[in-house]
Amino acid sequence: MANVTDLVAGTGVGGVQEAAGANYGLTTYTRSLPNGTTEFVATYFKRVAGLAGQDKVTISGTGTSTVDAPTALANALNALNAVRRHRYLGAPGKQSGSAQAASFADGAATVATIDAT
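So for the sequence shown, the numbering used here puts the first residue at 30; every next one is plus one.
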């Protein structure tokens with residue numbers, strides 16, 4: 030089985046927006062909070078095939094920051110990597126580089142294709 034490694038920022042090898050691999054979309058925006066502070070928001074997302082018999086689903090990670098946009102991007106990437114570890118390793122606490130889980134949450138002996146199903 031494949032090892033699941035955390036994605037890194039950018040478009041290079043292992044990058045979250047790498048054209049030939051992960052290819053996650055990105056949305057960013059700012060919003061004003063009630064206290065007058067500006068909050069930066071970033072979300073990485075991708076539609077992937079669902080479990081057996083299910084439609085496509087979106088996996089995503091969102092990050093926010095009241096400091097700056099790069100911090101929101103870093104927080105979003107950390108959130109996305111936790112979601113990916115949960116989906117493909119079976120637990121968000123497993124470390125990057127761990128071997129892929131043998132089955133989906135549906136209990137079937139199905140091995141997902143990383144970032145595709």
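I should point out that these hints are in silico values taken from the structure, not numbers from a laboratory. Any given hint could turn out to be false.
Stated by the list, open to error - Taking lysine-lysine pairs in the DSBU-like style, the calculated list, with each CA pair at most 30 Å apart, reads:
id: 1; residue 1: K123; residue 2: K75
id: 2; residue 1: K85; residue 2: K123
id: 3; residue 1: K75; residue 2: K85
All figures in this text were calculated on a predicted structure; none of them were measured in a lab.
Going down the list of hints, with the structure as the test:
1. K123 / K75: Cα-Cα ~21 Å, so holds.
2. K85 / K123: At roughly 25 Å apart (the allowed maximum being 30 Å), K123 and K85 satisfy the hint.
3. K75 / K85: holds (10 Å)
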